[in-house]
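**Q** Using the hints, position chain B against chain A.
Protein sequences, first through last, are from chains A and B.
So the first sequence is residues 94 to 762, counted in this note's numbering.
So the second sequence is residues 53 to 271, counted in this note's numbering.
Misleading hints may appear alongside valid ones.
[As the list claims (entries may be wrong)] With a straight-line cut-off of 30 Å between C-alpha atoms, the simulated DSBU-like cross-links for lysine-lysine are: (1) A:K520 - B:K242; (2) B:K242 - A:K595; (3) B:K95 - A:K520; (4) A:K100 - B:K111; (5) B:K111 - A:K737; (6) A:K502 - A:K586.
[To be verified] Quick list of the computed label-pair ranges, beta carbon to beta carbon: (7) B:K61 - A:T352: 46 to 54 Å; (8) B:K61 - A:R585: 52 to 60 Å; (9) A:R592 - B:D225: 41 to 49 Å.
[Said to hold, decoys possible] Under 7 Å between C-beta atoms, here's a sample of chain B residues computed to sit facing chain A: (10) E112; (11) F114; (12) P116; (13) L119; (14) V156; (15) M205; (16) M210; (17) K214; (18) M218; (19) P224.
Hint data in this document are derived by calculation from the structure and do not stem from the laboratory.
Think of the CB as a built atom: it goes at the ideal place given N, C-alpha and C, for glycine as much as any other residue.
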Amino acid sequence: MKMKKAKIIFQPCGRRGKVPTGISIVEASRIVGADVEALCGEKKVCGKCKVHIEEGTFQKLGVTSSLRHVSPWQEEEEKFISPEERMQGYRLGCCAKIWGDLLVFVPEQSRVGKQVVSKAARDIPISHNPAIMSYYVQLCPPTIEDSTADFQRLYDALKKEFGLKDLRIDVQTLRGLSLVLRQGNWNVTVSVWMDREIVRVRPGKEERCYGLAVDIGTTTVVGHFCDLKTMKLLNTVSFMNPQCRYGEDVMSRITYHMTTEGGLARMSQALIDGLNHMVEEGLSGMRVDGDVSSEKGEECVPLSGGDIEDMTIVCNTVMHHILLKINPEYVGSSPFPPAVAQSLDVKAHDLGIHIHPSAYVHMLPIEAGFVGADNVGVLIEEEPYKSEEIQLIIDIGTNGELVIGNKDKLISSSCATGPALEGAQLKFGMRAAPGAIERIKIDFSTHDVDYKVIGRDAWRGYSQAEEIKAKGICGSGILDVFAELYRCGIIRKSGAFNREEKSNRFRKNAETMELEFVIAWAQETSIKKDIVITQNDIRQVQLAKGAVYCGCKLMMRHLGIDKVDRVKIAGAFGNHVDREKALIMGLFPDCEINRIVPIGNAAGDGARIALLNREKRKEADWVCRHVEYLELTLEKDFQDEFVKAMQIPHMVDAFPHLEGLVSEEILHQ
Amino acid sequence: MKKKNELYKEISDAVVDFDEERAMVLAKESLELGFDPVETILKGISAGMIVVGDLFERKEYFVPEVLMCADAMQRGLDILTPHIPKENVSQKATIVIGTVQGDVHDIGKNIVKLMLEVGGYNVHDLGKDVAYESFVEEMNRTNADIVGMSAMMTTTMMGMEKGVKMIRESNPDVAIMLGGAPLTAEIVQKFGADGYSATAGTVLEDTGNLLQRLGKVGS
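Isolated chain A (complex conformation):
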């Protein structure tokens, strides 16, 4: 009797597969490598496997999911799932058995193995000039002779002592003003935004002042908590964008809005809830004037969201619009116009973000439909417009933005890299998390494979097979393997597997009839399957890297240059990329190795700079209007250049700097 199968997709990790019906969601998660937490071993007593069953048809994922596709409610679930949660669609993964196709969202607390996010902040020089300045004033209380209004009294004092003119105040702060003045015995600390508006009044003399810089990526969100007085970075918190369940990329999120009533509000709220959760988490771990590293015994100051008085956000255009609940529909079709491109200052209260309600959230400006505020963040951080040398800045995340130029001219463009370079859509691709193969080396003579897995220091060469527990390959691992397969002659310049390959790792898959190369044997994995790279995986990476190279080349041609002085690689990916491998795979035109520089999460650093230096906001406003946006697909030989760039490292362009890194016969095949 043929076993009936159902399709199951787990978010946010993206692992999916066809599983037999009748098994529990926890079991299914094991099979596809999603790993839902099951502390009690599915005995229905720990409640740690709580998951959310999505309802609806998700076209991009090719699945129609419903609560009706799981077995009925069980008594044991009542202990862990409240009636509201039950109505919202939560179930225990051990109790819910699969009857039909499902899209399952696994909340953070039910996940085994937290995603490794490296959007860490870098140590960069920043001039101190935040948007928020605080002033301590001592006022005379009202008397019979002088019954001036409370606010007027404050206003006059700030004008007289500090020269601050025409100060405004919003109704929220006004509501608490009279009480605060009297609590402080008429001595108060006032936080003023951009010398224009009073956003906070506190009794007495208060020294501390905090701000938050956020980078909202399509997949990952990072928040940097800063001391606005000392500029010290106090804490960095990151989390997966909760919108991932509505679509892996920006296009599918736009489509979700177009096809679902209330979809925009839902996506927006999911993100805002995530941000608020991040604020709570970030503040709870904060030290007085601390380092990011934690030490026991150091005094921890209890802070709340209301202590954050200023916020900056960088993000791509679609994330920007969804956050603000602005219709993103038209950004999704040519000519991709954003609804608004200039920088915005929005009250935290209006957005529902739980920092000080009167605080302003500064959204950095947008360059174009697919070159957003995040790219602007990178620009004010790297300042290519101040440099003589010609820089090429590549920012690869879920989307890819390119900027090239120097103080004379800057051009930007966007290339649809897609999630391939992050590991998604590849057979064994996964996001960076424990178990992901992040580094791969292939021996030139034997073609044997050594690799390193996240969460484990020892490489395969130094480990027993059963200890490794590999689960899949993440972005940096994909880059490595692509370059290594080419360097060792296992794949040709065209990307096709070399049919003459002798290694037993190279084979034709009996089921799919596709050619593949084994990276990790089943016994080295936790999913009990050989982890392979397929011919199709190679083609996906070729498309992505071809798009980036083509973008670089067309922009260089537009500027009239044939080489660049420096290549800077940004994005969460940027810290992990091996620059030799990036050059070998032909991600960008030939360049001296030591002129290739990883710049980490420059966008997030840019948000931080804008938070701490208001002049940088003006600079951002200026630079985004002075970068020329190039629509690559309109260039007359776009197709030709794109196609040529799909080969490794390129069909015709020379790569003199690969001499020595790649053998003669392979480089000149």
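**A** The following block gives chain B in isolation, referenced to the frame of chain A:
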């Protein structure tokens, strides 16, 4: 004197090996030997591209190879087509093709167009970012049997449903095929279209089947 089948195989190989020079030389040779150009095209050049389509389907050939093979094919065709008597011009179906409104991705569509031309169809390519009204206009102008539309983004794909309706209202008899990365057989059905091809490699087969299924001539 070289035998026909031998020469046809050599031409087919030249296309598969994307050898433009050789394709051109062999095409000339076939004319010198007095072979029927229509047959040479069918059994030499088209046969070669069909092999290419299969290799592409199996991912052994990728986009660059397919386009280079198409160049070799074109060189051969440039030599042979001027020698085809007017009456023998292909009786096959007419197809209007394009990438839909708001979408600027056309490499996939270009490869599909190649394969259809190889298969002897009469193809009118409207390019990219094509308004649905233009599809209707061109369909009527050319008396097309099939309208093929491509989209690469889920956002632009959403407009296809209305496009299909517009086309049907103007001509209920035309066959509509959809394709592109986000499309699936189910979506195509939901939008009310008639046919779907997952990749350029199988498009000739799919088109032939569609025409037969709908009982249309010219397949």
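**Q** Give a verdict on every hint.
**A** Hints versus structure:
Taking the CA atoms of K520 (chain A) and K242 (chain B), the gap is about 28 Å. The hint holds against a cut of 30 Å. Restraint check: the Cα-Cα separation between K242 (chain B) and K595 (chain A) comes to about 47 Å, which exceeds 30 Å; the hinted pair is violated. Of the pairs offered as hints, the one joining K95 (chain B) and K520 (chain A) is violated, with about 38 Å between alpha carbons and a cut-off of 30 Å exceeded. For the hint pairing K100 (chain A) with K111 (chain B), the CA-to-CA distance comes to about 25 Å; that is within 30 Å, so the pair holds.
Using a Cα cut-off of 30 Å, the hinted pair K111 (chain B) and K737 (chain A) holds, with the two alpha carbons roughly 17 Å apart. Our distance criterion of 30 Å between C-alpha atoms is broken by K502 (chain A) and K586 (chain A), whose separation comes to about 35 Å. Between K61 (chain B) and T352 (chain A), the C-beta spacing of about 51 Å keeps the proposed range 46 to 54 Å intact. For the pair K61 (chain B) and R585 (chain A), the beta carbons lie near 25 Å from each other, so the given range of 52 to 60 Å is not met.
For the pair R592 (chain A) and D225 (chain B), the supplied restraint of 41 to 49 Å holds, since their beta-carbon distance comes to about 48 Å. Given the 7 Å rule on beta carbons, the hint for E112 (chain B) holds: about 6 Å separates it from the nearest Cβ of chain A. A least Cβ separation of about 6 Å between F114 (chain B) and chain A falls short of the 7 Å threshold, and the interface hint therefore holds. About 5 Å separates the beta-carbon of P116 (chain B) from the nearest beta-carbon of chain A, less than 7 Å, and the hint is met.
Annotation: L119 (chain B) was flagged as interfacial toward chain A, and the flag holds, the nearest CB pair being 6 Å apart, inside 7 Å. Nearest Cβ of chain A to the Cβ of V156 (chain B): about 4 Å, under the 7 Å cut. The hint holds. At about 5 Å, the closest approach between the beta carbon of M205 (chain B) and any beta carbon in chain A falls short of 7 Å, and the interface hint on this residue holds. Look at M210 (chain B): its Cβ gets to within about 6 Å of chain A, closer than 7 Å, so that hint holds up.
Because the smallest distance between the Cβ of K214 (chain B) and any Cβ of chain A comes to about 12 Å, over 7 Å, the interface hint for this residue is violated. With its C-beta approaching chain A no nearer than about 17 Å, M218 (chain B) sits outside the 7 Å limit, and its interface hint is violated. At a threshold of 7 Å, the smallest CB-CB gap from P224 (chain B) to chain A is about 27 Å, leaving the interface hint violated.
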